[in-house]
Amino acid sequence: MIKQKEISLPAMHKGFHLIDNIVLNAIGELPETGLMNLFIKHTSAALMLNENADSDVRVDLNTLFDKIAPEGAPFYTHTLEGKDDMPAHFKTAVLGTSLTIPITNHRLNTGTWQGIYFCEFRNHGGNRKLVITVYS
Numbered sequence: 001m002i003k004q005k006e007i008s009l010p011a012m013h014k015g016f017h018l019i020d021n022i023v024l025n026a027i028g029e030l031p032e033t034g035l036m037n038l039f040i041k042h043t044s045a046a047l048m049l050n051e052n053a054d055s056d057v058r059v060d061l062n063t064l065f066d067k068i069a070p071e072g073a074p075f076y077t078h079t080l081e082g083k084d085d086m087p088a089h090f091k092t093a094v095l096g097t098s099l100t101i102p103i104t105n106h107r108l109n110t111g112t113w114q115g116i117y118f119c120e121f122r123n124h125g126g127n128r129k130l131v132i133t134v135y136s
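The sequence shown begins at 1 in the working numbering and counts up one residue at a time.
To be clear, the hints were calculated from the coordinates, so they are not data collected in a lab. Where hints are given, some of them may not hold.
[Stated by the list, open to error] Straight-line C-alpha distance at most 25 angstroms; calculated DMTMM-like pairs for lysine to aspartate or glutamate:
| id | residue 1 | residue 2 |
| --- | --- | --- |
| 1 | Lys14 | Glu32 |
| 2 | Lys83 | Glu71 |
| 3 | Lys3 | Asp84 |
| 4 | Lys5 | Glu32 |
| 5 | Lys83 | Asp54 |
| 6 | Lys5 | Asp20 |
| 7 | Lys14 | Glu51 |
| 8 | Lys14 | Asp85 |
| 9 | Lys83 | Glu51 |
| 10 | Lys83 | Asp20 |
| 11 | Lys41 | Glu71 |
| 12 | Lys41 | Asp85 |
| 13 | Lys67 | Asp56 |
| 14 | Lys129 | Asp20 |
| 15 | Lys5 | Glu29 |
| 16 | Lys41 | Glu6 |
| 17 | Lys14 | Asp56 |
| 18 | Lys3 | Asp60 |
| 19 | Lys3 | Glu29 |
| 20 | Lys83 | Glu32 |
| 21 | Lys67 | Glu6 |
| 22 | Lys129 | Glu29 |
| 23 | Lys3 | Asp20 |
| 24 | Lys83 | Asp66 |
Please model the complete structure; the sequences and the hints are all you need to start from.
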C-alpha cells in the first residue's frame, strides 16, 4: 500500500524547524512496518534529520551555514532573486530535498535524539509544499 499527502507548511523564518508533529498529524496512523519519504518541493529549502534535544544545535547550524555561504557575497552571479537566494540554493544542494525514514511498530524508527527538520534558507520563503509518502 502507498499513502501520499501533500501539505503546505506555513511560512517560517530563516532557520531550522522541527516538523515531526506536523508530519505525523498530517499523515495519520502509520503502518506496522514500512518507509516514510518526505520531499520538499523547493530549491531554497531542505530537510534533514538531526539532534532535537538541544536548541543550540540549530543556532550553531545557522552560524556554520551562513559562514560557508554568506548572503550578498560578491562572487555570486545568480543575484536576480535577492542576496539570500544563491546561498539558499547552495545550502539546499548540501542537505537535500528528501528524507526516507523506516517505520517500525507504527512509529518512525529514528534515533533517540533525532528529529525531522525543515530548513528554511530564505529570509522570506513563504509557504512551502511538502509531499509525505508512506510505503507499507
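Status of each hint after checking the structure:
no.: 1; hint: Lys14 / Glu32; verdict: violated, 35 angstroms
no.: 2; hint: Lys83 / Glu71; verdict: holds, 5 angstroms
no.: 3; hint: Lys3 / Asp84; verdict: violated, 35 angstroms
no.: 4; hint: Lys5 / Glu32; verdict: holds, 19 angstroms
no.: 5; hint: Lys83 / Asp54; verdict: violated, 30 angstroms
no.: 6; hint: Lys5 / Asp20; verdict: holds, 15 angstroms
no.: 7; hint: Lys14 / Glu51; verdict: holds, 18 angstroms
no.: 8; hint: Lys14 / Asp85; verdict: holds, 12 angstroms
no.: 9; hint: Lys83 / Glu51; verdict: violated, 29 angstroms
no.: 10; hint: Lys83 / Asp20; verdict: violated, 30 angstroms
no.: 11; hint: Lys41 / Glu71; verdict: holds, 22 angstroms
no.: 12; hint: Lys41 / Asp85; verdict: holds, 16 angstroms
no.: 13; hint: Lys67 / Asp56; verdict: holds, 17 angstroms
no.: 14; hint: Lys129 / Asp20; verdict: holds, 15 angstroms
no.: 15; hint: Lys5 / Glu29; verdict: holds, 13 angstroms
no.: 16; hint: Lys41 / Glu6; verdict: holds, 10 angstroms
no.: 17; hint: Lys14 / Asp56; verdict: holds, 15 angstroms
no.: 18; hint: Lys3 / Asp60; verdict: violated, 36 angstroms
no.: 19; hint: Lys3 / Glu29; verdict: holds, 11 angstroms
no.: 20; hint: Lys83 / Glu32; verdict: violated, 46 angstroms
no.: 21; hint: Lys67 / Glu6; verdict: violated, 33 angstroms
no.: 22; hint: Lys129 / Glu29; verdict: holds, 21 angstroms
no.: 23; hint: Lys3 / Asp20; verdict: holds, 17 angstroms
no.: 24; hint: Lys83 / Asp66; verdict: holds, 12 angstroms
The earlier numbered hints that this structure contradicts are 1, 3, 5, 9, 10, 18, 20 and 21.
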